[in-house]
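Student: The residues making up each chain are set out below.
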Amino acid sequence: MSYPKKIWAGLLSFGTMLSCLRAEMKAGEVFPALSEVGPASPATAGKITLVDFWASWCAPCKESFPAYAQLQTDYAARGLIIVAVSVDENPDAFARFVKKMHPAFTVWRDEDHRLVQRVNVPAMPTCYLLGRDGRVRFVHQGFHGAQTDRQIRQEIDLLLAEKLSAAP
Amino acid sequence: MKIIPFHRLVALLLTVPALAALGGCANPSLVRVHPWERATLTDYTMRPERDPLATAMGEHIYFSRESASGGRGVGGNGCGCN
Numbered sequence: 001m002s003y004p005k006k007i008w009a010g011l012l013s014f015g016t017m018l019s020c021l022r023a024e025m026k027a028g029e030v031f032p033a034l035s036e037v038g039p040a041s042p043a044t045a046g047k048i049t050l051v052d053f054w055a056s057w058c059a060p061c062k063e064s065f066p067a068y069a070q071l072q073t074d075y076a077a078r079g080l081i082i083v084a085v086s087v088d089e090n091p092d093a094f095a096r097f098v099k100k101m102h103p104a105f106t107v108w109r110d111e112d113h114r115l116v117q118r119v120n121v122p123a124m125p126t127c128y129l130l131g132r133d134g135r136v137r138f139v140h141q142g143f144h145g146a147q148t149d150r151q152i153r154q155e156i157d158l159l160l161a162e163k164l165s166a167a168p
Numbered sequence: 169m170k171i172i173p174f175h176r177l178v179a180l181l182l183t184v185p186a187l188a189a190l191g192g193c194a195n196p197s198l199v200r201v202h203p204w205e206r207a208t209l210t211d212y213t214m215r216p217e218r219d220p221l222a223t224a225m226g227e228h229i230y231f232s233r234e235s236a237s238g239g240r241g242v243g244g245n246g247c248g249c250n
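Protein chains in written order, with the working numbering: chain F, 1 to 168; chain H, 169 to 250.
Note that these hints are calculated values from the structure, not bench results. C-beta atoms are modelled at their ideal positions from N, C-alpha and C, and glycine is treated no differently. Check before you lean on any hint, since a few could be wrong.
[Unchecked claim] In silico DMTMM-like cross-links for lysine to aspartate or glutamate, where the CA-CA straight-line distance does not exceed 20 Å:
# : chain 1 : residue 1 : chain 2 : residue 2
1 : F       : Lys47     : F       : Glu155
2 : F       : Lys62     : H       : Glu205
3 : F       : Lys47     : F       : Glu29
4 : F       : Lys62     : H       : Asp211
5 : F       : Lys99     : F       : Glu63
6 : F       : Lys47     : F       : Asp157
[What the hints assert, rightly or not] Label-pair distances were calculated between CB atoms; the ranges are:
# : chain 1 : residue 1 : chain 2 : residue 2 : range
7 : H       : Leu190    : F       : Arg78     : 48 to 54 Å
8 : F       : Gly28     : H       : Glu205    : 48 to 54 Å
9 : H       : Ala236    : F       : Ala33     : 52 to 58 Å
Full structure from sequences and hints, please.
Tutor: Rendered as structure tokens:
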């Protein structure tokens, strides 16, 4: 291959790489380690983890919090960990929301948007159900009340029924 | 190694930034407002119908002029989830 052709081939590869940049996280991919962004990461190894991205200005996020609190009550003893990651830029808005909702699960603020950018969340709210191996198994965009709640419960039951060795 | 002629080198140096710029415009991940950046867009002051009186007046003018009303509502609330 001649030198100019090599340059064009390089440019083409670079362009392809740029277009693939920030692809949305899909089922089967390994979720970033929460310990990289969280101040006090709960031990998620070998457990089912629900990571929810929310914001205080997002109406469906407010609706989802009581549902997640109930999930925490029902499934925590069986090995479910819920981590709710706020994308609020305003720390006061975040604090007010947490004070009002009193969530029984772990809540963080991704203040520099490092995690949300890595995951490239497609909508607010979006929740990721991770298997025992830390891979994304199910993704839910938005929160549609009882319908979403029912789906998440079915998926958690499915994941809890899987053995660690049987997880893909 | 083959040496690139000067005019081709100049063309290349002009083409690369142009392609990069156009590529940036074409890539939606670089130009769209991300779902987590919509706090300002969901603010009350960004709502077109925040003043009921002004909305009613605007709707009356629209009806008087066009002999039609409504049909301007859109779904969603800026969360990117609808």
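Student: When the hints from earlier in the document are held up against this structure, which numbers fail?
Tutor: 8
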